[in-house]
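Q: The residues making up each chain are set out below.
Number of protein chains: 2
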Amino acid sequence: MNRVSIVCLGVRNMEASVRFYRDGLGFVTDVKENNPHMVFFNTYGTKLELYPLQELAEDINSVNPPSIGKGFSGITLAYNVDSKEKVNEVIELVRSAGGTVVKEPQEVFWGGFHAYFSDPDGYYWEVAYGPDFKYDEHGMLTF
Amino acid sequence: MNRVSIVCLGVRNMEASVRFYRDGLGFVTDVKENNPHMVFFNTYGTKLELYPLQELAEDINSVNPPSIGKGFSGITLAYNVDSKEKVNEVIELVRSAGGTVVKEPQEVFWGGFHAYFSDPDGYYWEVAYGPDFKYDEHGMLTF
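Residue numbers (our numbering), protein chains in the order written: chain A, 1 to 143; chain B, 1 to 143.
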């Protein structure tokens, strides 16, 4: 067992999230609708999925669904890039897509350059460049 | 922008989580220590990372770190397999690793077979088989 097949984000407003990820950030999907029931993005390797939050809780256990929390979930997603300029570019894209920049692009103690934003449901993404990051031909980290 | 480079789980007890993921479930890492500061697993495509929870909140914003929530975070991770038997096998592995099975393996309305477990910090994983799932040579979903 050594695999993350899908990261699924439970969303409160599908239309707002599709607008953010597909139309705003440019995540690739075959879905053309503006308010689908669910959507998968064709990220290489791992799929990113959006699914209605309450239904996701019920999919986990329909008899006793976990109660939905508030505050920082403890999970972050990372979008890693190969230059500092690209960190800035992604953050500008986030801003124009209506995301919240929670940490402006800046140098990090470990030698990299990063920023954080949150999506319409408050899920956190790190956008990071590191001088030692290596990528394969699909843009996935290989370290 | 169309990439999930890393899924990072903020953990409360690194040693317990390393025991669960590395020693229990068999996730692959170069880290030999039992209580490292952080650990990356070499999942194909997307890395799975464990990082101390409070430090993750401070990495997002050291001046005003998001307060850590309780309850279902709204994010699930999926481990997809190519047979019903493998769903059962993974769930048995989870049980022997000390994870909590929150939904026993069962048929799903969309034609698949799945189960859910939670890890030492309460993060949810779906283990799923679907008759239409296709995988590449690295075991990643290709639909």
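Please keep in mind that the hints were generated in silico from the structure rather than gathered at the bench.
Be careful, since some hints might not be right.
Since the list gives no way to pick out one identical chain from another, each pair is judged satisfied if it fits inside one copy or across any two copies.
Said to hold, decoys possible - Cut-off 30 Å, straight-line C-alpha distance, at most; resulting in silico cross-link-like pairs (BS3-like, lysine-lysine):
(1) Lys103 <-> Lys84
(2) Lys134 <-> Lys32
(3) Lys134 <-> Lys103
(4) Lys134 <-> Lys70
(5) Lys32 <-> Lys84
(6) Lys70 <-> Lys103
A quick note: this is a predicted structure, and the numbers were derived from the prediction, not measured.
Q: With reference to the structure, classify each hint as holding or not holding.
A: Quick rundown of the hints versus the structure:
1. Lys103 <-> Lys84: So Lys103 and Lys84 pass the 30 Å test inside one copy only (15 Å; across, 43 Å).
2. Lys134 <-> Lys32: Classified as between; 22 Å across copies, 33 Å inside a copy.
3. Lys134 <-> Lys103: Classified as within: same-chain Cα gap 24 Å, cross-chain 38 Å, threshold 30 Å.
4. Lys134 <-> Lys70: neither (35 Å within a copy, 35 Å between copies)
5. Lys32 <-> Lys84: neither (33 Å within a copy, 32 Å between copies)
6. Lys70 <-> Lys103: Answer is both; intra-copy 20 Å and inter-copy 23 Å each pass.
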